[in-house]
Amino acid sequence: MTEIPEHLLKRAQAARDKAAAESGASATEGGEATDSRIPAHLLERSKAAKAGASGGVAVADRPATAVVAAPAAGGLPTGAGPGGHTQRLLTVVKSGSIQDVKAVPVDKVHTWPHLLGIEFVASLACTAFLFMFSWFVNAPLLRAANFNQTPNPSKAPWYFLGLQELLTMFHPMIAGVTLPGMGLIALMFAPYMDRNPSNKPEDRKFMTSLMTVHLMFWAVLVIIGSFFRGPGFNFTFPWRDGIFFEL
Amino acid sequence: MASTIEEKPRLTLKERGAALGQSLLGSQAWNSIFRPGSIFRKGYTDSPRNRSYVIMNSVLYHLHPVKVKRHAVKVSYTLCLGGLSFFLFILLTVTGIFLMFFYRPTAADAWQDIQSLQTSVTFGLMVRNMHRWGAHLMVLSVFLHMARVFYHGAYKAPREFNWVIGVILLTLTLLLSFTGYLLPWDQLALWAVAVGTNMMGYSPVIGSQVRFVLLGGTEIGAETLLRWYVLHVLLFPFVTVIFLAIHFWRVRKDGGISGPL
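Protein chains in written order, with my numbering: chain D, 1 to 247; chain H, 1 to 261.
Calculated from the structure, these hints are not laboratory results. Among these hints, one or two may not hold up.
[What the hints assert, rightly or not] With a straight-line Cα cutoff of 25 Å, these simulated DSS-like cross-link-like pairs (lysine-lysine) come out:
1. H:Lys-74 x D:Lys-200
2. H:Lys-253 x D:Lys-200
3. D:Lys-205 x H:Lys-156
4. H:Lys-253 x H:Lys-69
5. D:Lys-108 x H:Lys-74
6. D:Lys-200 x H:Lys-69
7. H:Lys-156 x H:Lys-74
8. H:Lys-74 x H:Lys-253
9. D:Lys-47 x D:Lys-94
10. H:Lys-69 x H:Lys-14
11. D:Lys-94 x D:Lys-50
12. H:Lys-156 x D:Lys-200
13. H:Lys-42 x H:Lys-74
14. H:Lys-253 x D:Lys-108
15. D:Lys-108 x D:Lys-200
16. D:Lys-108 x H:Lys-14
17. H:Lys-156 x D:Lys-108
18. H:Lys-253 x H:Lys-156
[Stated by the list, open to error] Label-pair ranges, simulated between beta-carbon atoms:
19. D:Pro-113 x H:Glu-219: 55 to 65 Å
20. D:Ala-186 x H:Glu-223: 29 to 39 Å
21. H:Ala-19 x D:Pro-113: 25 to 35 Å
22. D:Pro-197 x H:Thr-106: 47 to 57 Å
23. D:Pro-113 x H:Ala-147: 25 to 35 Å
24. H:Phe-40 x D:Ile-224: 50 to 60 Å
25. D:Gly-242 x H:Ser-52: 56 to 66 Å
Backbone N, C-alpha and C define an ideal beta-carbon position, used for all residues, glycine too.
Start from the sequences, fold in the hints, and give me the full structure.
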């Protein structure tokens with residue numbers, strides 16, 4: 001048990017004396033004030049506020065709810081404030097001033113089991129797919145590297161075939177460096193250039209179409225580079241001359 | 001003198017097993033491994049409090065909050081693409097470590113090592129296949145993840161910087177895949193990388209210097225193989241892990257995944 005400091009005891013004694021002196025006066029005013037747990041002066045204030053419609057002291061409406069029970073000193077005589085109160089309201093801390101209170105509650109679920117269950121199943125499915133694919137399809141291993149024998153055609157990995165396709169149209173510095181570099185920088189700065197705050201698809205028709213055109217541009221280039229380019233990187237049809245493509 | 005016989009029935013094997021399991025679940029060692037609230041602890045019950053403890057008291061708390069938005073667990077929103085990209089990264093790390101046991105990054109040995117890995121190592125061919133196809137799949141899933149995030153407008157405030165980190169991770173994924181492409185040291189690897197690095201040489205001002213550093217010479221050779229091996233198994237994974245950590249941390253700091261639309 002915590003000991004009550006002497007100065008607090010003194011203060012409580014003073015409050016008790018004061019209350020005893022006032023009790024005679026308040027008893028004459030009527031039973032209402034003494035029955036209530038709310039101090040008389042606060043009641044009066046709230047009455048005035050209600051009467052005056054929009055009073056500036058609306059805070060006083062519900063201080064009683066914020067009052068927390070103070071530990072009653074075991075056995076010790078405790079002081080009583082106006083209306084028999086054993087504690088005083090020192091301050092009202094509004095919610096939101098020290099806590100981040102969301103104005104609109106967010107509908108949330110527990111990560112376990114809802115999210116973890118999905119993640120577990122997804123990773124199992126991914127592993128199973130990769131396992132079965134690897135069971136049936138072998139990774140290519142051609143003959144050992146030979147510097148004196150250039151295969152025809154020589155192709156980059158598939159994700160760079162769009163760039164290799166551009167090489168047939170532009171100078172290497174444009175196709176291999178400038179265009180992909182600009183594309184990458186534009187991609188990085190996309191959030192700073194797109195000033196539209198909405199994420200609703202109907203508000204973002206321009207950005208959606210811009211991105212789709214961009215993605216389709218690369219996809220088409222990669223597909224042409226992968227399947228429609230034969231010996232000498234010349235245009236072919238895969239159904240006519242076969243596929244010149246290794247993953 | 002009457003001998004008293006214990007009227008205890010003999011325990012069946014099943015009961016003994018159950019008793020052993022119970023004492024194991026209550027043991028100090030078990031409780032030291034699984035922290036309070038773990039689903040593997042004795043007497044786990046499904047309650048909101050325990051569901052919170054599962055995350056809060058496990059290493060997963062570094063990755064996930066205790067609760068997530070209800071719409072965030074909808075598979076149709078994320079298609080699991082980001083998570084699967086990370087999972088493939090882990091899978092590639094595991095299979096890659098296996099491959100490292102059987103591979104020497106020298107021009108004389110590299111191709112032969114892959115060849116004997118496929119023919120005389122148990123599961124060698126299988127693990128190599130998984131590493132190869134997993135790598136292609138990861139490039140694809142990272143790319144699709146980026147498209148998904150863009151179409152949902154998830155790069156907008158406050159997630160702008162996480163998008164930038166995502167683009168860096170996409171670049172790192174391509175670099176990881178491209179450096180790994182050379183390592184089998186077959187005709188496909190050599191000439192694909194030759195085409196790719198020739199393009200790099202056309203960068204303005206520093207082009208030839210960058211190419212020289214990356215190839216370890218003016219042309220692809222044995223030095224290139226060693227360089228790209230170190231880049232592939234050490235430098236790029238290391239950098240990627242750092243950016244992944246920032247990426248995941250920012251997802252939480254920016255208020256979980258975006259949406260709903």
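Quick one: are D:Ala-186 and H:Glu-223 within 29 to 39 Å, going by C-beta? 35 Å, holds
Sort out whether D:Lys-200 lies within 25 Å of H:Lys-156, counting only the CA atoms. Since the Cα atoms of H:Lys-156 and D:Lys-200 sit roughly 12 Å apart, the hinted pair holds (cutoff 25 Å).
Take the C-beta atom of H:Phe-40 and the C-beta atom of D:Ile-224, compute their distance, and say whether it sits inside 50 to 60 Å. Distance hint for H:Phe-40, D:Ile-224 holds at roughly 53 Å.
Regarding the pair H:Lys-74 and D:Lys-200, is the alpha-carbon distance no greater than 25 Å? Roughly 18 Å between the alpha carbons, so the hint for H:Lys-74 and D:Lys-200 holds.
Determine whether the Cβ-Cβ distance between H:Ala-19 and D:Pro-113 falls within the hinted range of 25 to 35 Å. Given a distance of about 29 Å, which is inside 25 to 35 Å, the answer is holds.
Given hint H:Lys-156 paired with D:Lys-205 - CA-CA distance at most 25 Å: Satisfied, since the Cα-Cα distance of roughly 15 Å is no more than 25 Å.
D:Lys-108 and H:Lys-74 were given as a pair; does the straight-line alpha-carbon distance stay at or below 25 Å? Holds. D:Lys-108 to H:Lys-74 sits at ~12 Å (cutoff 25 Å).
At the C-beta level, are D:Pro-113 and H:Ala-147 separated by a distance inside 25 to 35 Å? Between D:Pro-113 and H:Ala-147, where Cβ atoms are some 29 Å apart, the hint holds.
Holds or violated: 47 to 57 Å for the Cβ distance of D:Pro-197 and H:Thr-106? 56 Å, holds
Please work out if D:Lys-94 and D:Lys-50 have their alpha carbons no farther apart than 25 Å. 21 Å, holds
Going straight from one Cα to the other, do H:Lys-156 and H:Lys-74 come out at no more than 25 Å? 21 Å, holds
Decide if the proposed pair is consistent with the structure: H:Lys-42 and H:Lys-74, CA atoms, cutoff 25 Å inclusive. With a Cα-Cα distance of about 32 Å, the restraint between H:Lys-42 and H:Lys-74 is violated, given a limit of 25 Å.
Hints 10, 13, 16 from the earlier list are contradicted by this structure; the remaining hints agree with it.
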